[in-house]
Amino acid sequence: MSTTGNILFSGVGGQGILLASEITAYALLAAGFDAKKSEVHGMAQRGGSVTAQLRYGDKVYSPLIEPGCADIQVAFEMMEAVRYLPYLHKKSTVIVNTQKILPPSVATGQASYPENVLTELTSLDVKVVRVDAFDLAREVGEVKTANVVMVGALSVFLPVDSAIYEEVIEARVPERFKEVNLKAFAAGRKVSV
Amino acid sequence: MATNTSDTIWLSGNEAIALGASEAGVKVASGYPGTPSTEILENLSRYEGVYTEWAPNEKVGLEVAIGASFAGVRALATMKHVGLNVAADPLFTASYTGGRGGLVIVTADDPEMHSSQNEQDNRNYAFAAKVPMLEPSDPAEAKEFLKDAFALSEQLDTPVLFRITTRVSHVKGVVERGVQQSSAEAGIEKVPGKFVMLPAMARKRRVVVEERMGKCREMAETMPCNRIEPGDTKRGFITSGVSYLYVKEAFPEATVLKLGMCWPLPENLIRTFADSVDEVFIVEELDPFLELHIKAMGISCHGKDLIPNQGELNTAIIRTAIDPGSAPKLLPAVDLPPRPPNMCPGCPHRGIFFTLSRMKVFVSGDIGCYTLGFLPPLSAMDSTVCMGASVPIAHGMAKAIGDGAHDKVVAVIGDSTFFHSGITGLINTVYNDSASTLIILDNRITAMTGQQQNPASGGNIKGEAAPAIDIEALCRAVGVKHVYVVNPHEVPETRKVLKEAMERTEPSVVISRAPCVLLPEMKRKKPVIYFTNQKNCVGCMSCIRLGCPAISWTPFGEGEAEARGYKKKQKGISKIDEILCNACGQCASLCKFKAITQGEGEK
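Order-wise, the sequence lines are chains A and B.
Residues in the first sequence are numbered consecutively from 1, following the numbering used here.
Residues in the second sequence are numbered consecutively from 1001, following the numbering used here.
Pulled out of the complex, with its shape left as it was, chain A reads as follows:
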């Protein structure tokens, strides 16, 4: 087995997944790791189910995570936490935002939103971290920082000092949003600790 760490981000187009994976990657790079990230643009981004795959280690070859090899999944939406189960393994950690975004078939009354997503996950023996990212983001004053709350929750599980994340956030977020994003990061971190 390789010593490469694999993080799978999943969610719905428009949730800020790309920025979240970007902040995480820059923090890993700043901590001295090699890192590769893969994502898909274009048609796939229009409100559909999206993923970003981030791999880090001494030397990363493939930009794609193998099925059964995601060490951590960060799910930005509840149902999107179980869409990629074949990517997980028994020791995976799944960090779930409890927010629900209804897919078209549910919004138009033709299908129903799956119940008990969290129980289903827990029954698989994987470690589940539940994050009310939307509420936490609202509490810090900007609902759009829910993605950074998720970065905070994820950061606890990575071998990177929190000060490095803070530097990355400061460098990558516009001046007027810095404070609220740092608060969002701290709020997310608190959930996992």
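Please note that the accuracy of each hint is not assured.
Derived DEER-like restraints, expressed as beta-carbon distance ranges [said to hold, decoys possible]:
| no. | chain 1 | residue 1 | chain 2 | residue 2 | range |
| --- | --- | --- | --- | --- | --- |
| 1 | B | Ala-1186 | A | Asp-135 | 36 to 42 Å |
| 2 | A | Asp-135 | B | Arg-1476 | 51 to 57 Å |
| 3 | A | Val-143 | B | Tyr-1431 | 52 to 58 Å |
Only pairs whose alpha carbons sit at most 20 Å apart, straight line, appear in this in silico DMTMM-like list of lysine to aspartate or glutamate [claimed, not checked]:
| no. | chain 1 | residue 1 | chain 2 | residue 2 |
| --- | --- | --- | --- | --- |
| 4 | B | Lys-1329 | A | Asp-71 |
| 5 | B | Lys-1329 | A | Asp-135 |
| 6 | B | Lys-1523 | A | Asp-71 |
| 7 | A | Lys-100 | A | Asp-135 |
| 8 | B | Lys-1329 | A | Glu-120 |
Heads up, incomplete: computed chain A residues facing chain B, CB under 8 Å, no partners named [as the list claims (entries may be wrong)]:
| no. | residue |
| --- | --- |
| 9 | Val-12 |
| 10 | Glu-66 |
| 11 | Val-191 |
| 12 | Val-193 |
If you're looking for bench data, these hints aren't it; they were derived computationally from the structure.
Every residue gets a Cβ at the ideal spot worked out from N, C-alpha and C, and that includes glycine.
With chain A's structure known, arrange chain B on it following the hints.
Below, chain B without anything else, positioned relative to chain A:
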């Protein structure tokens, strides 16, 4: 752009190619947006010292680059894989002319069709057009190889194809900054024997093409980008592009022949490698391109007998293809409601497709965000083939049907796609006189690929003011007598105009004009939110049928309708999500019960 160290930078393949083009001293770059190639020119436009532009299509883009090469400077053309079909005409003859300054054409292929209508393998173009092709594996190589491609182009006087795939374009990795190369000065030099491809000259250049490719084949034997990585010789892997990375992870101990140039092939190097191993495996995405040419050398090898010829590869696919039974046991997938892409809340296209979905008409569609009009609940697109095809396909159907076809077929095309290759179809419709109606969805931008300017948008690639071509005047100028302009957010009014246009027995054009909601100026606007006055909602589902992501349906439980003061038979109510709503008002224009009102309202 944060840095890892002062000399390295973390870039996507496309960003790395832009940096490579800048370091190579490229003077002129042109192309047409197309996933996964778009960000190359977008990024390059931010560098000093290089002229960049969006061309109306890939053929024009390549011809612009050929012109710059003829003027003596380094020139770049970028496009997605299907764009090279459009640009194939100039490519095949530029192969004969060569240029003066280096000429590199980036083709970004999309195995798995993440955002494409087919997954053609453009390595075949290198063989067919008789030009070299380089194929990097990751962003770091993409930058270096691009500079090598310009050197090779100038050394051999040939255009060089540069193939990337989605997993190079949209993968980020660590890239080393390089040295800025100086660029040649432009000037006029007449070289008719090389640049005027009349038959007499072309026959002479045809000979030069063969000599050049022979020389290139010899160079391939010792090029540093073609290399043998020593290892266990029981299995030897020949691979290129992103597949190399998967091989390195799946079989880290094995010896590998990595081909950085996938055409022409280094026959002696391949033979030496094949002789040194017990078994040869060729690992490549899509077509058996390397395999066919290596088998033609008389070398026996495994290839597509094991490795899939469809879709993307990855480490697991390669490992299990070669060592069946090595796959780990995976957690089973669960059955979930699908989450397909959808038009954005407030998208102006939705109104048009809602109207079309209620008409008995064949909708000949085209390539863009609006292709999503195919998906339920709108389901209002009946064909999509390639850029610009909507117009001639509607005309062809109308001609086949004959009399009475005028209200049975409509073509739907976006503004950018219309300029790309829709206009020639419209000229044909007028010239050869069919009565099909063309709807031009003018949302003032090239939206699907992420907001690129186009000839009608009033801006250039840098966002500076540029002449905006008047679509209405253009349609009239080619002879369309009936040109209408509608606001698609006013759904009933749009339906009226569409019906009128379709009843005409002469060619007609309906321009559906409303800006894309993702335009920065639209995002800055604080929208007046529409509320659902739920006490007025009768549960007719008119708004739900729009399929807007901001509108959802809450079904009533047993006895709930009456308990909440609604009619007993009402099945549920609609609700608008204030955060998602972009205030287009399409739903309000459809609601007959004042349940959807603007601004203040009861939620």
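Verification of the hints:
no. : hint                                 : in the structure
1   : B:Ala-1186 <-> A:Asp-135: 36 to 42 Å : 60 Å, violated
2   : A:Asp-135 <-> B:Arg-1476: 51 to 57 Å : 56 Å, holds
3   : A:Val-143 <-> B:Tyr-1431: 52 to 58 Å : 55 Å, holds
4   : B:Lys-1329 <-> A:Asp-71              : 16 Å, holds
5   : B:Lys-1329 <-> A:Asp-135             : 37 Å, violated
6   : B:Lys-1523 <-> A:Asp-71              : 37 Å, violated
7   : A:Lys-100 <-> A:Asp-135              : 12 Å, holds
8   : B:Lys-1329 <-> A:Glu-120             : 19 Å, holds
9   : Val-12                               : 7 Å, holds
10  : Glu-66                               : 4 Å, holds
11  : Val-191                              : 22 Å, violated
12  : Val-193                              : 26 Å, violated
In the structure shown, a violation is registered for the earlier hints numbered 1, 5, 6, 11 and 12, in ascending order.
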